[in-house]
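Whole structure, please, built from the sequences with the hints as guidance.
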Amino acid sequence: MDAEAQESFQQFVAARSSALLKTAVLLTGGDRHAAEDLLQNALIRTAERWQRIDEPEAYVRRVLYRQQISRWRLKWPRREVPVAELPEAGHAPDASGAAEQRLLLRTALSKLTARQRTVLVLRYFEDLPEADVARQLGCSVGTVRSTTHRSLARLRTLAPELTAPDGAAPRPSRDFSPVEVRP
Amino acid sequence: MNVEELVRDSLREMAREARPAAADLADRVLELRRRRRTRRITVSAVSAAAVAAVAVAVPLTDGGGRDVRPAHITDGRVAAHADQSPPRELIGAGDALMAGYSTQKGVDQPNKDRILTRTYRLLDPGTRTYRKDDRWAFATVAPGARMAAVLERDLPASRVGLLDLADGEVKRWVPVPQGAGAAVFSPDGGKLLVTTYAKNPDRAYWSARIQENGTMQPQGVPSRTGFTLIDVAAGTGQWHKLPYWKDRYGEALNARADLEFSHDGKFLWEAVETSPGRKYHALDGTDVRAPAVESHLWPSVEAGLSPDGRLAAGAFAGRGKEIASAIDDPVTGRRVTTVPGQQLLAWADGRRLIAWGIGGDGDEFHQRLVLVTVGSQKVRPLSGFRSPRDNSAGRWEPLFTTR
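Just so you know, the sequences run in chain order A and B. Going letter by letter, the first sequence gives residues 449 to 631 in the numbering used here. Going letter by letter, the second sequence gives residues 229 to 631 in the numbering used here.
These aren't lab readings, by the way, just hints derived from the structure by calculation. Everything numeric in this text was worked out from a predicted model, so none of it was measured. One should not assume that every hint holds.
A few chain A residues facing chain B, derived, Cβ under 10 Å [as the list claims (entries may be wrong)]:
no.	residue
1	462
2	466
3	467
4	469
5	483
6	484
7	489
8	492
9	549
10	568
11	571
Positions of the beta carbon are idealized from the N, C-alpha and C atoms, including for glycine.
The structure is reproduced here in structure tokens:
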């Protein structure tokens, strides 16, 4: 990297790092430190190839997504929280307010696997069509579709209050196992 | 509101709440990138007590500029060969000398693994030239440049050899049954710190491959188990457990995680990815706080603390096309000044450093050794330019020690 390239890299990071960090925070389920490290690693990889990359932001984002779902990351214990027991209906917090619902959902999102969360971020935050998500993650459209479906089902399981009608008992899903995307 | 809408809302809210990225992120990224590119296989050039001097007295031929020397330094010897790359004859300045260098290349294995293989040229103190010695997977030179510690191929090695540089013979083998992957001498040369690994830290394993730019690439596997501290005179050592496998994500960035001595040889440290970048241990491996004068040292800046302990070699501090590195106050970490070097490699004395300088083309990997002085913009070339191409025969990595 020559001095000119270094300067353009610094300008890119100064301009886009905060936006990229937002995505990284979502991918890590709200873990700021993990997000900073994830972004830092993606930027290091980007810097290695800086002069050969046409669309830096697209490249960084792709590295972020793929790093996050790489097999190593699945082994980090915080990334997968097995659900041993259903929450007791009687102790469920009042989920009538939107703020409480979002809080419940946020907790549930942090308990998804990295792959599940990544698919949801791409579908519902980046608003990418299924085909684009598949391209970003290097898997089939069918895998994206099934992972989205199972991720949402798992959210309903982890936070049954989100879908339960007032006063009704939560309806648990039967899907308690982490789902892995096979490219 | 259905779950999809809630997910969308929650994600947007979380994104809105995220604080901006740190202002120095780009600098940190470039520094970490440099760190990964430059493998730490050199001996830290820190103050050495009573070491035998190699008789090299080349008078200063560059008379320009003001000579800034503290009173206690009486030796301004500089051995420069600005036309040599790789160097054939001894290069040094003040207390620092280049005791050898290595080149490296990736050697593909039949099972798709790849081994980063180094070839060493070590100083022959008699002829003051660098002599090829391709027996070793790893070598490090003791202060005084009379002896080296060597590891046989393939790593991890079951013993470490103490090599006499004068005749190229191993005078003593010290068994390291835990598997040696790296070694470094203490600043006084009395101890040898051997980092032990379960797997070869220079080998990229196909079994750990990941996808990079559309193709599968083998990756290194972190496997540090601990270290052995060898008493050089007695030839005996004691092993201590100090594993490094993965960071908190289950990912480890470097398979090689060698341990180093602190400037006074009283502690050990290892590079870590999180600030401040160095983690210290007592000589038995227990965690300790960083010594005050080392609490702001960068792990990737090989020069470290000045011999008199008053200054710390800092990180790259250039802006735009300017080539500069910081000189910091070691206790406060505040910048004192800058010197016109790209990477600071070894202190020659209390004011001068051997550094990588770069050519007029601005390519940060087109480098040569230069001598820079605190308080001066003068740059004195010590070697010719090395090749910018990674893992090529023209890209040599210097091995510094103290006279």
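Evaluated hints:
no.	hint	in the structure
1	462	6 Å, holds
2	466	4 Å, holds
3	467	9 Å, holds
4	469	4 Å, holds
5	483	8 Å, holds
6	484	8 Å, holds
7	489	8 Å, holds
8	492	5 Å, holds
9	549	6 Å, holds
10	568	6 Å, holds
11	571	8 Å, holds
Of the numbered hints given earlier, the model fails none.
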